[in-house]
Amino acid sequence: MAETPTRGRAETEVATDDDRSSDVVFDRVADLPRARVDPPGDASFALCLTHDVDRPFKGIRSLYYALQERPTHHLRTAVSGDNPYWQFEEIMALEDELGVRSAFYFLNEQHLLADRPAREWLSPANWVQHLGRYDVTGDGIAGVIRDLDSGGWEVGLHGSYHSADEPKRLREEKATLEDVLDGPIAGGRQHYLRLSVPETWRYHRAIGLEYDASLGSSTECGFHAGYDPIRPFGDDFLVFPLTIMEQALPDPDSQPCGARQTCEQLLTEAAENGAVMTVLWHPRYFSDREFPGYRTLYRWLIERARELGAWIGPPRALQAALEGDSDGSHRAETDPAEFRFTQVKS
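Sequential numbering from 77 applies to the sequence shown in the numbering used here.
Don't take every hint at face value.
Said to hold, decoys possible - If you anchor each label on the Cβ, the simulated ranges turn out as follows:
| id | residue 1 | residue 2 | range |
| --- | --- | --- | --- |
| 1 | T252 | Q323 | 25 to 31 Å |
| 2 | G117 | T344 | 40 to 46 Å |
| 3 | P332 | G228 | 17 to 23 Å |
| 4 | D327 | G259 | 34 to 40 Å |
| 5 | D364 | D172 | 35 to 41 Å |
Hints are computed from structural coordinates only; laboratory data are not their basis. Ideal placement from N, C-alpha and C gives every residue a C-beta, glycine not left out.
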């Protein structure tokens with residue numbers, strides 16, 4: 077890959093999933109060390125596929141959405157007990173058909189009443205979020221986690237909203253997920269893309285994670301943080317910047333040409349620069365009834381990437397290839413006090 081670490085960088089802030097500007101500015105990471113390594117084999121670039129498992133159950137949230145739009149549809153899903161957000165088998169079947177694998181990041185949120193301070197109980201937004209909370213140790217989710225792992229998919233951590241600044245909480249979430257998986261996890265992404273640079277990365281590294289994929293935008297697609305993974309500590313811990321979150325694309329139902337054009341431009345840019353391109357498709361977006369067009373676009377994205385000569389897979393598999401770690405071994409946990417970081421000023 078080219079030596080310039082800032083190629084493709086945009087002069088923008090990272091947008092978070094709840095429409096708040098975060099303190100992270102892409103300029104602050106522009107001069108950090110990069111993993112400038114050619115894609116595996118003869119690939120022209122790498123496409124990393126990821127899924128954040130935010131809400132696998134629609135449930136009573138149907139009533140909330142009925143107040144926003146399409147009331148008949150959302151009320152019907154509430155009354156029927158239908159759960160259009162449960163898309164694991166469909167995604168696995170689709171990716172199996174295409175001969176690819178991806179990463180699923182599972183969220184282990186705190187209980188609003190049992191774990192959060194009373195002042196947060198009064199927020200309607202907190203209640204909307206809490207009503208969609210799920211238990212990673214429950215039989216249904218735990219079974220899916222094990223099925224994904226046994227089928228060759230990567231299972232990773234979707235750090236809860238507060239864990240970006242709470243390393244103890246982050247460690248507990250990782251331990252719980254590893255207990256369900258009965259094995260180590262390598263990385264993941266923070267909920268709502270919440271990220272404190274470099275603290276969150278330091279926490280991830282200290283608890284034994286090998287990479288983070290939280291650096292990105294929920295409102296803009298592009299290589300804002302460059303074409304190469306970042307080595308924030310100059311060692312083997314990697315950051316995979318997010319290139320596309322599906323909700324930032326033109327609506328593939330009402331603007332199918334615009335959505336494909338955006339993806340085509342980024343795929344071509346990735347191929348021309350030997351880039352690592354990371355995309356996020358939330359599982360619920362594979363429901364054609366809820367989000368028409370997104371499943372078809374995801375299939376097209378993978379097929380087009382293959383035509384352009386891409387390596388396609390989950391971040392952990394790419395990291396293993398870059399590091400020559402074919403057995404996928406994981407580092408031992410380390411002390412957070414061991415690491416220091418010189419802030420890059422914007």
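Here is what the structure says about each hint:
no. : hint                    : verdict
1   : T252 - Q323: 25 to 31 Å : 28 Å, holds
2   : G117 - T344: 40 to 46 Å : 20 Å, violated
3   : P332 - G228: 17 to 23 Å : 31 Å, violated
4   : D327 - G259: 34 to 40 Å : 39 Å, holds
5   : D364 - D172: 35 to 41 Å : 19 Å, violated
Against the hints set out earlier in the document, violations occur for numbers 2, 3 and 5.
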